[in-house]
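**Q** Going down the list, the protein sequences come from chains A and B. Throughout the first sequence, residue numbering follows the numbering used here, covering 1 to 315 in sequence. Throughout the second sequence, residue numbering follows the numbering used here, covering 1 to 258 in sequence.
Don't read these hints as lab results, they were simulated from the structure. Don't take every hint at face value.
[As the list claims (entries may be wrong)] If you only want the chain A side, here are some residues facing chain B, beta carbon under 10 Å, derived:
| no. | residue |
| --- | --- |
| 1 | His72 |
| 2 | Arg81 |
| 3 | Trp83 |
| 4 | Thr95 |
| 5 | Trp97 |
| 6 | Gly101 |
| 7 | Ala166 |
Where is the CB? At the ideal position from N, CA and C, for every residue including glycine.
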Amino acid sequence: MQARRQWITPHEWMIKPTQQTEWIEGQGVLIWMAEVFSALGMGLYLVAIYLDNWWGALAAWFIIIFLKLPFHFFYLGRPWRFWRAIPPFTDAWKTSWIARGMFFTTVFAGLAMIQLITTYMLNHNMVSEAMVGPVTVLDYAMRFLAGLFALLTGIYCGFVMSYCKAVPFWNTGLLPIVFVFMGIADGLALILAVGLVTGGVDFHAIEYASQWVLLFNVVLIGTYLINASYTSATAEYSVMQLIRGKVARAFWIGVILLGILVPLVVSLLSIFVLPFMPLLLIFAVISHTIGAFSLKYCVLKVGIYRPIISRVPVH
Amino acid sequence: MKWGMVIDIKKCMRCHGCVAACRVEHFLPLHITWVKLIAYETEDGGVLDVTTYPVRCNQCKEAPCVDVCPTSASYQRADGIVAIEANKCIGCRYCVIACPYQNRTFLRKSSDPGYFPGYPQTGYEIKGKKLYPHQRGTTTKCNFCAEKIDYGLANGLTPGIDRDATPACVNTCQARALTFGDLDDPNSNVSRLIIQRHGKQLQSGLGTDPSVYYVDGKHGGNDNRAPEHAMTGSHIQHLSSVEARAKELFPWLKRDNE
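All chains, full assembly: derive it from the sequences and hints.
**A** Below, the structure is given as structure tokens:
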């Protein structure tokens, strides 16, 4: 860990692989939370508009607006200057993924709000007969555009990290894809929770979709780790920290067991063995959500810088 | 014109003069240091040694910190110096994360408790905060003493040659391990050193193209030892894991342990 008094930084700092701390320790916990809610909100919104579930879309919108954005806001050292990062107040979107992300999130917030209003009006016959056609067209357009920007809101978090060449474990195009597919799996889990409260959800179909997405995620995470371990010695060190080191407990119990295996087993049981059991579904939803928190925690925690003097062995 | 620095690791005698000069020059808050010395221990056939690398912002030509900044608060001047406009910084710390050299520091409230925590600010501190109003909640880093360079150029001085136009760390280095000058001028002191002594950049594989170069026989290793008479008390800290060598150099350690 970096010495508090930095007259001379002893022994390990940037000589051996050094863990990033700004985005996971202390106030950095807020970034972890924001990252998790980005994935949950994105996944839930995409699943909700696909399944035409208004309550799910509303919950997703709330997650993005009232959880993701506030966590980001309170993390900033100068929060009231946040507007400086949003185009058109900055032209940094040409190179900065945070500026792009701020744009995606802002546009998503606006479009999704319009979509929620138009869908609500159509569902509750609040539109005159003459206007049903145009409002329906607007509703579909908003679904498409808001869905696109929800996807961008979820994927930019991955690009923010994958852009960092200094952290080899993050510096791969696979990271945004992992975040998106884990987010969709999160969305499928959360829509079950929404369905348990509001009804109108085909649990069987969601469980069926969920098992395939979870299986794909197992392959994706496995590929990611194998790929990282061949990329560089530092990335391999990150992988070792993840599977055997300080973060191993969070990875194996949080990501693999609770985030993937438990929901997968519950999905299979629900489809093939057991009748509909709300308590089992609630357990699976909670388990999966813990997995979502664990995934982002692990990825942030094993963000390790390559040593600045290349001759130094990492082990 | 592109300013750069060459650091001769063999000449560096770990006096921390550059660290102190930088702190004084910029009235840095108590827990912030722009220049750092990092210690690299090596062992070769039982012979242990420490090489010290003075590090600071590398003022990269392809600076990742500039690219990632969402507000353009980090920017590159025409002379290559990477600067921060504190009034535009939102404190997202993306630049801190993206810097491969970890030479940016986020200025927290806890990093700036005043030089004498619990006591009123001294006149020196008050004056310093007016001259260099480091803003809490923003990122800080070495700026190659850009204000001195600008002042020097405006007054017909040559940075790297004239002291009033040269970074404080370079001026203060008693071993003359630091050399400053124009990288674009093939006849400048820095360009000649880089060519003649095969200057190396840190993490050159990342494509950042730093403006800080290091010259020595070999990075690390025992042919790169500082002279023993130059070894200071700071070695106690570094040699703590190298007990036999520490006891040999600092006999009083042995006495204390026994």
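**Q** Hint by hint, say whether it matches the structure.
**A** Each hint tested on the structure:
1. The closest approach between the C-beta of His72(A) and any C-beta of chain B is roughly 8 Å, which is under the 10 Å cut-off, so the hint is satisfied.
2. For Arg81(A), the shortest C-beta to C-beta distance to chain B is roughly 5 Å, which falls under 10 Å, so the interface hint holds.
3. At a threshold of 10 Å, the smallest CB-CB gap from Trp83(A) to chain B is about 9 Å, leaving the interface hint in force.
4. Hint on Thr95(A) holds. Least Cβ distance to chain B is approximately 4 Å, under the 10 Å limit.
5. Using the Cβ-Cβ criterion of 10 Å, the hint placing Trp97(A) at the interface with chain B is satisfied: the shortest such distance is roughly 7 Å.
6. Restraint check, Gly101(A) versus chain B: the minimum CB separation of about 8 Å is within 10 Å; hint holds.
7. The criterion of a C-beta within 10 Å of any C-beta in chain B is met by Ala166(A), whose closest approach is roughly 3 Å, and the hint holds.
The structure fails none of the hints (numbered hints given earlier).
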